[in-house]
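*Asks:* Respectively, the protein sequence lines represent chains A and B.
Numbering follows this note's numbering, with no gaps: position 114 of the first sequence is 114.
Numbering follows this note's numbering, with no gaps: position 145 of the second sequence is 145.
Hints are computed from structural coordinates only; laboratory data are not their basis.
In this text, all values refer to a predicted model and were calculated from it rather than measured experimentally.
Wrong hints could be hidden among the right ones.
Pairs count within a copy or across copies, as identical chains cannot be separated in the list.
[To be verified] Dumping the calculated EDC-like pairs for lysine to aspartate or glutamate here, alpha-carbon to alpha-carbon at most 20 Å:
| # | residue 1 | residue 2 |
| --- | --- | --- |
| 1 | K250 | E179 |
| 2 | K70 | E54 |
| 3 | K300 | E87 |
Number of protein chains: 2
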Amino acid sequence: MDILEPRPFVIGLDLGGTNSVFGIVDQRGQVIATNSIKTQTYKTVEDFVDAGVEALKPIIAKVGGITQIKAMGIGAPNSNFYRGTIEYAPNLTWAHTGVVPLAEMFSTRLNIPVGLTNDANAAAIGEMQYGVARGMKNFIMITLGTGVGSGIVLNGQMVYGSDGFAGELGHVTMVRSSEGRTCGCGRTGCLEAYCSATGVARTAREFLLSSEEPSELRNINPEDITSLDVSIAAGKGDKLALSVYEFTGKMLGEACADFATFASPEAFVFFGGLTKAGDLLMNPIKRAYHDHVMPVFRDKAKFLISSLDDASAAVLGASAIGWEL
Amino acid sequence: MDILEPRPFVIGLDLGGTNSVFGIVDQRGQVIATNSIKTQTYKTVEDFVDAGVEALKPIIAKVGGITQIKAMGIGAPNSNFYRGTIEYAPNLTWAHTGVVPLAEMFSTRLNIPVGLTNDANAAAIGEMQYGVARGMKNFIMITLGTGVGSGIVLNGQMVYGSDGFAGELGHVTMVRSSEGRTCGCGRTGCLEAYCSATGVARTAREFLLSSEEPSELRNINPEDITSLDVSIAAGKGDKLALSVYEFTGKMLGEACADFATFASPEAFVFFGGLTKAGDLLMNPIKRAYHDHVMPVFRDKAKFLISSLDDASAAVLGASAIGWEL
Numbered sequence: 001m002d003i004l005e006p007r008p009f010v011i012g013l014d015l016g017g018t019n020s021v022f023g024i025v026d027q028r029g030q031v032i033a034t035n036s037i038k039t040q041t042y043k044t045v046e047d048f049v050d051a052g053v054e055a056l057k058p059i060i061a062k063v064g065g066i067t068q069i070k071a072m073g074i075g076a077p078n079s080n081f082y083r084g085t086i087e088y089a090p091n092l093t094w095a096h097t098g099v100v101p102l103a104e105m106f107s108t109r110l111n112i113p114v115g116l117t118n119d120a121n122a123a124a125i126g127e128m129q130y131g132v133a134r135g136m137k138n139f140i141m142i143t144l145g146t147g148v149g150s151g152i153v154l155n156g157q158m159v160y161g162s163d164g165f166a167g168e169l170g171h172v173t174m175v176r177s178s179e180g181r182t183c184g185c186g187r188t189g190c191l192e193a194y195c196s197a198t199g200v201a202r203t204a205r206e207f208l209l210s211s212e213e214p215s216e217l218r219n220i221n222p223e224d225i226t227s228l229d230v231s232i233a234a235g236k237g238d239k240l241a242l243s244v245y246e247f248t249g250k251m252l253g254e255a256c257a258d259f260a261t262f263a264s265p266e267a268f269v270f271f272g273g274l275t276k277a278g279d280l281l282m283n284p285i286k287r288a289y290h291d292h293v294m295p296v297f298r299d300k301a302k303f304l305i306s307s308l309d310d311a312s313a314a315v316l317g318a319s320a321i322g323w324e325l
Numbered sequence: 001m002d003i004l005e006p007r008p009f010v011i012g013l014d015l016g017g018t019n020s021v022f023g024i025v026d027q028r029g030q031v032i033a034t035n036s037i038k039t040q041t042y043k044t045v046e047d048f049v050d051a052g053v054e055a056l057k058p059i060i061a062k063v064g065g066i067t068q069i070k071a072m073g074i075g076a077p078n079s080n081f082y083r084g085t086i087e088y089a090p091n092l093t094w095a096h097t098g099v100v101p102l103a104e105m106f107s108t109r110l111n112i113p114v115g116l117t118n119d120a121n122a123a124a125i126g127e128m129q130y131g132v133a134r135g136m137k138n139f140i141m142i143t144l145g146t147g148v149g150s151g152i153v154l155n156g157q158m159v160y161g162s163d164g165f166a167g168e169l170g171h172v173t174m175v176r177s178s179e180g181r182t183c184g185c186g187r188t189g190c191l192e193a194y195c196s197a198t199g200v201a202r203t204a205r206e207f208l209l210s211s212e213e214p215s216e217l218r219n220i221n222p223e224d225i226t227s228l229d230v231s232i233a234a235g236k237g238d239k240l241a242l243s244v245y246e247f248t249g250k251m252l253g254e255a256c257a258d259f260a261t262f263a264s265p266e267a268f269v270f271f272g273g274l275t276k277a278g279d280l281l282m283n284p285i286k287r288a289y290h291d292h293v294m295p296v297f298r299d300k301a302k303f304l305i306s307s308l309d310d311a312s313a314a315v316l317g318a319s320a321i322g323w324e325l
């Protein structure tokens, strides 16, 4: 990033299962303009790209036209950074049965470089570019949303591995016994099955069943309990809800202790809805990490919550890929 | 490595708890000459370095003097690559209570660059420089010796993490229940407590106690059983010994499945005494990996045994650091 950068903007595309949000971002991480389309309205990727290019036109015009844009970054599920493709994405109608060269398609249409990676990697790059990980060379981003994702930065570089899919820490096995919860990936006992938003809601349901502890969560139909309900109850001091966060944080802390043996990161950066609980989640994480990490790593890593604004973080993260192209 | 390299040799020092072996190595990984001293004969690090420099003189002379030497690499326990220090090494009389700047001390005496890292990282660099990992950018080296060590290479670079100590995969927690075995690191349930040479011997003792299966291992005093005994018995088809390898390989394969979520490596490279068992160990590893790894990583990583000659591998690995300085 140079103050004399002749093309001072990048495009970020946060491609989600419901909405695809396009944003124009400047070098300081300001989102200048956004526009969005519905991801699944389109039957083919060609139609999706057509609609995307149309949606981009007015916001590109706002900053003086495409000559002002350096590159475009896309954060999307099931993304292969090396190939610029979305591959067999179960939740995308136009990409669930094959390999879609989305980066190349946008690049051809816009005539700028386009990079694509999964949303957690995009979040990590965004955090490094604009957020709490500025200046860090070794950190691990953990996104706590519908699933648990991760983006790993080592030696100042994203870790993509041999195939572009590295950094799936939501799928380390935390419970090896036959009682491990079934995970969306088809296996059992994964971190994601416990520490995602849906995992937290499930933990609450299990705790309600297995104890007599009074809880305001008992006023909700068990199947309707969400992680937000648990968070609100915990915020009011509801003991059962607090124990759900204690359980969730403990497992995340133990997982981070394992991650430290791999990367010895300077920081773990957490992002996503569950982090709204603040210390209710972070304190159990830190305690469990301290208790379980190898002594050589103890008291070294920081535990941080993303500083990126929720509404724009995904677009910002995606856009940050653009600076690296 | 250039064919016109004006200084065509490096020094490798394999610094072990018993012996310290110095070797002169050429660019093709040929060990030209070696000499060794007893590591623990010396009360201070100064005395150790003095003796080391004396031991080096005749072998440096053999290749035409120090002007022919590019650099020196040291593989040693409790090493900090960034600082070139050995830190609180419990098994080294002259380094167990403090931080010893060993790289700088040899560098000052020899007037060449000196790098230092732990033996598993050295093995990984050696494998990348001279062995089966030549040309690989993403692989994980796992050393199965008295302990379980690891060296991780991503994007073609060693992973040292924020503090120089990354890559301690022998200490991921594999058994989280209260029944996890005590590990030398002071924690419980670590991979090393099960899959090191001592872990294998312990598994054999446990299996002998918990079953009635006839086994030639019953002819040995349980406390005297070594992993070599188990290997020999397994090689003869001894069922109990085979089940020990099955157990060990299964745990290693499950651990590798977790490591894949982190790094998606091109290969896992195994090194050390236990690999002598060949397919008896490697087949259960591969089976467990296949059964437990996330589908996106399945059938991608290779499982390889180090191609470096056992006798020289540690010196070769250490020397390989020299080419990177």
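*Asks:* A separate judgement is required for each hint: does it hold in the structure or not?
*Replies:* Structure-based check of each hint:
When the C-alpha separation of K250 and E179 is checked against a cutoff of 20 Å, the pair qualifies both within a copy, at 18 Å, and between copies, at 19 Å. Within a single copy, K70 and E54 get their C-alpha atoms as close as 19 Å, which meets the 20 Å cut-off; across copies the closest is 59 Å, which misses it. Within a single copy, K300 and E87 get their C-alpha atoms only as close as 37 Å, which misses the 20 Å cut-off; across copies the closest is 16 Å, which meets it.
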